[in-house]
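2 protein chains.
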Amino acid sequence: MASGELQFIQQLRNRAGRPKGAVRLGIGDDCAVLRPPSGHDVLVTTDFSLEGRHFRRDWHPAASAGHRCLARGLSDLAAMGAQPMAAFLSLALPTGFTRRAANRTWLDGFLGGLLHLAKQTKTPLAGGDTSTAPGDAILADIVLLGSVPEGTELRRSKARPGDGLYVTGHLGGASAELAALAKSPRSLRKASPADDHPHLYPQPQLRVGQRLRSLASAAIDISDGLSTDLTHLCEESRVGAIVEADSLPLHQLLTNKKDALQHALHGGEDYQLLFTASATSKVPRSIGGIPITHIGQIVRGKDITLRSNGKTERLEPAGWEHSL
Amino acid sequence: MASGELQFIQQLRNRAGRPKGAVRLGIGDDCAVLRPPSGHDVLVTTDFSLEGRHFRRDWHPAASAGHRCLARGLSDLAAMGAQPMAAFLSLALPTGFTRRAANRTWLDGFLGGLLHLAKQTKTPLAGGDTSTAPGDAILADIVLLGSVPEGTELRRSKARPGDGLYVTGHLGGASAELAALAKSPRSLRKASPADDHPHLYPQPQLRVGQRLRSLASAAIDISDGLSTDLTHLCEESRVGAIVEADSLPLHQLLTNKKDALQHALHGGEDYQLLFTASATSKVPRSIGGIPITHIGQIVRGKDITLRSNGKTERLEPAGWEHSL
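Chains U and R supply the protein sequences, listed in that same order.
First residue of the first sequence: 12, per my numbering; consecutive thereafter.
First residue of the second sequence: 12, per my numbering; consecutive thereafter.
Only chain U is shown next, with the shape it has when bound in the complex (with noise of 0.2 Å):
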């Protein structure tokens, strides 16, 4: 890894490999050149993953912070029911990191838990850019590029009264995941994303989320928390929703019962899908091996409840927002 940004850049073309797919043209010029689909509209999302924001070097292995930060865009894809398309990497890193082996290491790392995310799920890496930081922390800002068919996009705003709510595999693992990372940050070096590991390489919905266009009125992807993005759904919709607790699918990282409905509600990046379907649509027990729970529904109004053993209560959204 060498340390002149055009020898950084150089290696990344190298590593990214040869355009496909949708991308005629990628890292090397002045913009990078897709063609979407015939007939397809694109999707475009960006995410930030900035070191001691969104991950911690003394926390998450290197290729976890590179698979994370991939992994966020996707599954903004995944919400919307898109195919992705090409994915771009804004990077910046404090002056002179490269110098330093271990950083040489980490930055290897990181690239290649981003990468083998993206063949996974046929993402090339078409562009971006690199700077270096203006303080300690490594800065990246990823954006993803997905299509779907004109027009058939899930959108959050399009839950109706009546409809059933669900979610896609199980909920509160990210966030127990990371408060066992917290605690004991080495239990999780050689953690493999061949594994389940909810919080270190999440598995952004694609296929699930592709299936839904046909089956689902509105959908968002569970990145806040359940509490948080449900209320999104609803405050873009104009709805009021139902969560039925003892129906939430726990992850079975969730052993302390007692917090177990916390991690589950308000826990935030599991980055499974949140989504509302009419009671007619025949909404599948899975869809290609990922359960798929019915956890509620949406009323009219704008309360959001939670009902459990009978009892009801207002469901706050305690989820992540940041302090600007």
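One or more hints might be untrue.
Since copy identity is lost for identical chains, a pair holds within one copy or between any two.
List of simulated lysine-lysine pairs, DSS-like, C-alpha gap at most 30 Å [unchecked claim]:
#	residue 1	residue 2
1	LYS133	LYS201
2	LYS169	LYS133
3	LYS31	LYS169
4	LYS201	LYS130
5	LYS322	LYS268
6	LYS293	LYS169
Simulated from the structure, these hints should not be mistaken for laboratory data.
Since chain U is already given, all that's left is putting chain R on it; use the hints.
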């Protein structure tokens, strides 16, 4: 200007206005949705604007920092002949930044400068991301999407021996104005974007770029400096070049003859276009009021030579490169 992330996003959404042009769905969902003009390819570029690296709050008026942030990306679109479709802004602010009134004023000015240029160039702000920054510096990353009729983009790699070498506008003004700014930041506090301020308010050459699609063989924008960007173009095209020093269109800010050539050759951020055209191409002396100047030609080999008063010397890339 509010202090919570969600309130800030809501304000951005209000200021960005309703979706228009190619934008079918803007800020407020997991992704934005764009419909490129039929039969067009999509161009993508991303550029950091990091405080302390790309701008300084004690040097740059807030509106200039916002203008420059967007201009960097627009200039990349211009270099490939594209028409803008949409911009995406990722913005990270230090923790608690918006609690201070002076910071809210700065942020307002930054967005004002960015959105003013966005309006002028018909580039709707369609999304992005917000976060707290890990340090004291403001961190921005701008993403631009544009379009060209399929397969017509200008590339760096298509210059051929015998082609003429041209630039738009004038050179060296941006680095001369930056030097003046460093000397006396207050003197430029009231600079207006309507006047010629090549560093504070560079004008991306979008119209010229679009016209060049039918005139030029290759193009690049001059962001890192003529010597460095010409080197990029020659490397990608596997050619050499001869530059006539006496032909360089010096910016009127270059009053000191001794420094003028250095600014014009190596000063970055002019955001003019450097392009090549075959000998049979009829390149006009101006396009839309922007002067076009013949400054040399493309030759076989890989040497880049500067010719002045009959003497020749090797022109080394001495423009901007980050030290990672």
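Consistency of the hints with the structure:
1. LYS133 to LYS201: within (25 Å within a copy, 50 Å between copies)
2. LYS169 to LYS133: For LYS169 and LYS133, both the intra-copy (29 Å) and inter-copy (29 Å) Cα distances are at most 30 Å.
3. LYS31 to LYS169: Result: close only across copies, 20 Å inter versus 34 Å intra.
4. LYS201 to LYS130: Intra 21 Å, inter 50 Å, cutoff 30 Å: intra-copy only.
5. LYS322 to LYS268: Within one copy, since 18 Å is at most 30 Å while 82 Å is not.
6. LYS293 to LYS169: This pair counts as within: shortest intra-copy Cα distance 18 Å, inter-copy 54 Å.
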